[in-house]
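Number of protein chains: 2
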Amino acid sequence: VETPISLAPLLEARSIAIIGASADPLKIGGRPIEYLRRFGFTGRVVPVNPNRDNVQGLTCYRSLVDTEPVDLAIIAAPAAAAVDAVHECLAARTKGIVLFTAGFAEVNEEGRSVQSELARAASEAGSTLLGPNCLGTINAHNRVVATFTTALEAGALPAGQFSYCGQSGALGAYWLDKVVAAGLGVSKWITTGNEAQVTLADGLAYLAQDHETRLIGIYIEDVKRPEVFAAAAEAARAAGKTIVAIKAGRSHAGQLAVAAHTGAQAGDDARYQALLDDCRITRVASLTEMIDAGRLILGEVPPTAAKRLGVVTVSGGAGVLICDAAHDAGLVVPELPPQVRAALDGILPTFVRRQNPIDVTGAVVSNTAMLDRIIAALAESDACDAIVLFFGLMNSIKDDIVAAVRNARLSGKPIVLIWMGSSQASRAAIEHMGIPVFDEIPSAINALAAVSRSGGRRGP
Amino acid sequence: VETPISLAPLLEARSIAIIGASADPLKIGGRPIEYLRRFGFTGRVVPVNPNRDNVQGLTCYRSLVDTEPVDLAIIAAPAAAAVDAVHECLAARTKGIVLFTAGFAEVNEEGRSVQSELARAASEAGSTLLGPNCLGTINAHNRVVATFTTALEAGALPAGQFSYCGQSGALGAYWLDKVVAAGLGVSKWITTGNEAQVTLADGLAYLAQDHETRLIGIYIEDVKRPEVFAAAAEAARAAGKTIVAIKAGRSHAGQLAVAAHTGAQAGDDARYQALLDDCRITRVASLTEMIDAGRLILGEVPPTAAKRLGVVTVSGGAGVLICDAAHDAGLVVPELPPQVRAALDGILPTFVRRQNPIDVTGAVVSNTAMLDRIIAALAESDACDAIVLFFGLMNSIKDDIVAAVRNARLSGKPIVLIWMGSSQASRAAIEHMGIPVFDEIPSAINALAAVSRSGGRRGP
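As you go down the protein sequences, you meet chains S and H in turn.
FYI, in my numbering the residues of the first sequence are 1 to 460.
FYI, in my numbering the residues of the second sequence are 1 to 460.
What the hints contain is simulated information worked out from the structure, not anything from laboratory work.
For glycine and all other residues, C-beta sits at the position ideal for the given N, C-alpha and C.
Don't take each hint at face value.
Here are the simulated lysine-lysine pairs, DSSO-like style, with alpha carbons at most 30 Å apart [as the list claims (entries may be wrong)]:
| hint | chain 1 | residue 1 | chain 2 | residue 2 |
| --- | --- | --- | --- | --- |
| 1 | S | Lys27 | H | Lys398 |
| 2 | H | Lys27 | S | Lys398 |
| 3 | S | Lys307 | S | Lys413 |
Facing chain H, from chain S, some residues (calculated, C-beta under 7 Å) [what the hints assert, rightly or not]:
| hint | residue |
| --- | --- |
| 4 | Ser251 |
| 5 | Val320 |
| 6 | Gln355 |
Isolated chain S (complex conformation) (with noise of 0.2 Å):
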């Protein structure tokens, strides 16, 4: 298998410059001297501009050859002038660059063809260049911010474990939003655009041994080099982490589009399907299946594996739908075995019968005590994997059910929680648990079978 190439100049970079560089924080040029700034980057920040002495209150140099060399440079030039850039880089020996600028394969033949010639000036020089037409990196951790995304301009960067690599920077912005927003944290953030050089593979490569991601999550267009991409998932999953992956272009509409995209061939989809197969890749459909999934797995007991369910509902409507979303799904609610429905017997009231999913009724909400004493049944049983805890409004019994899923988390079998109209306070009570709350039925039940698809191995 080729060697991949190294994604470390870009995501460990101790000195960046910024080829373009604006005054103006809120510019292409000027974001990411603002972002490196306010997030904490403690490497040296420099700012390259012909026109200027100053930027953002830095040293503005003329050239990049007018000062110390760089570990990676950012080029926010627009297409015309991109091009000098990345040779400006590669004659000072700039071992990373990420290149913004949009406007080559994209678009037509010849914007391919410079590409290609860009790309392979980079690996003659033994440079990384990522992009054209990309939105950059992150990495949350020593706080490389080689990114305009404006999905950084209000929100906070908390470093985590959740890593993203794609072809689109825009879906990885929406990502971030949407990684902060479920209260997870970010590892490294790779977008690659058109690859002219670096590819989703290299991507993948870096952050199977990159020992602060666990998780990641990647957007395929096309895999450019599927020997490549197919080691580096190996190698991820042999250290114990778990890919979800967006494969987009499954549609003739959306092969076209792709193309008009990133100049990307998205391909026969059934191929992509057992090349993710082969990669023991779980497929979503959507980042927010994606942000799901990674809620369960970075949560407190990870129902990696988990295909039989013991399900405890408040509703019998909630338990039905719980049935067939599993069974859409691919999950099983198997019946109960004798013994647990015997410890049932001493627990529910008489007119429930004692059958999966275990509806406890109203009747809970005057004996919340039989909560504790019904999970602590399944826990003990070999017939399921993984508890699936239904709840829905119940004001009045909050602090208990909450109790309940404290007790329920000691069992040491994965917990999967839909409580509809909870709370704020009662989440986030629950979720500081490191057990997510999901709001509805489907998408807690994909969640699972996502994470069940990923396999059991786990840690090294």
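Once you've looked at the hints, dock chain H against the given chain S.
Same frame as chain S, but now just chain H:
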């Protein structure tokens, strides 16, 4: 076709007794009294309880026969007393009876035969019996709130055009919570429980002729009188109403859970799908999907019969995912006709391809006026039935986006708007125009497809 049982005695009652009335407004026999008064019911409220003279400030009677006849009696008595209470109502010539009490057909055959006997007696007396094992009914317009659902504990009850009918009271409660949270208004709310006498079909027949209802969400475990159901669905359709359904019990486990829940037989799903198809009822998989479809149907220009989508996106990747979601949902993203492509020549930057989805790229930030012109070109074209707009973040041009949506609305073409990471203020401004704001691609496109499937005929 058999005549449906009238729900008028329930939903149009001017006097309401509560048998098993409680002084505690949080108890099952206390909540309906508290709700009737808090939500402004202007008719007579009559607590009945042999052990009390006064309940929540109202004179309490020993028995229903001790006071003037009432239109509706709510029975909140425990199972042992419930059967006598029904006979007490029939003796007092009460035309409407809501029986909350559980413990009948869902428990065993004896319970089934007891509830059948009650239904027979009610029918002989010409009375309407809802339940047993139900959460009652609501008419949000005349404030008949004959339920103990906790969904009304804290919340408001805005009157509107969206009605619910379903066997599950709990799912009805979550529906209420979600409908109000979505900013929609409620018309009628009917939970049928075990359906000893009144079934879904009767509820649907009432809603079909109800002038305050325009959209009907139903939750189905079984359909006991398919001919009445089909006739009611046809009447609703003829009156320009849309029906959106969740059919529960697709899976084997789900079918077992249905039997435990309401004693019903969920039956062969293919047969139910055929019934729904015959009735032109759109099926959805969750309450969220039901309410998302409702947001479009009750919006400014419902995209009924919209198959071909004109897509405008700020993200190429999102455009691809919209194509894929449309394909999955049976919708089409067609090629643009020459006139539209010619119009785009004068609007789009040279590097953007003139194809559908129309990717305005980041260029829109410095030229928001292009949005109006592109949307106008699509609105004037016969090549698409609805316009899908995708935005993400873009806080710096949020007011221009709101303005563009306002202009798009004037075109008269249905608009489906997805804005990931929008500000709350922008979202509120757009929803105030009657255009729902979606935050995710598949949910928006699936809602559009559900509304499209519901067919074109609308309102007299």
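Worksheet item: Does the structure break any of the earlier hints, and which numbers would those be?
Response: The structure breaks none of the hints.
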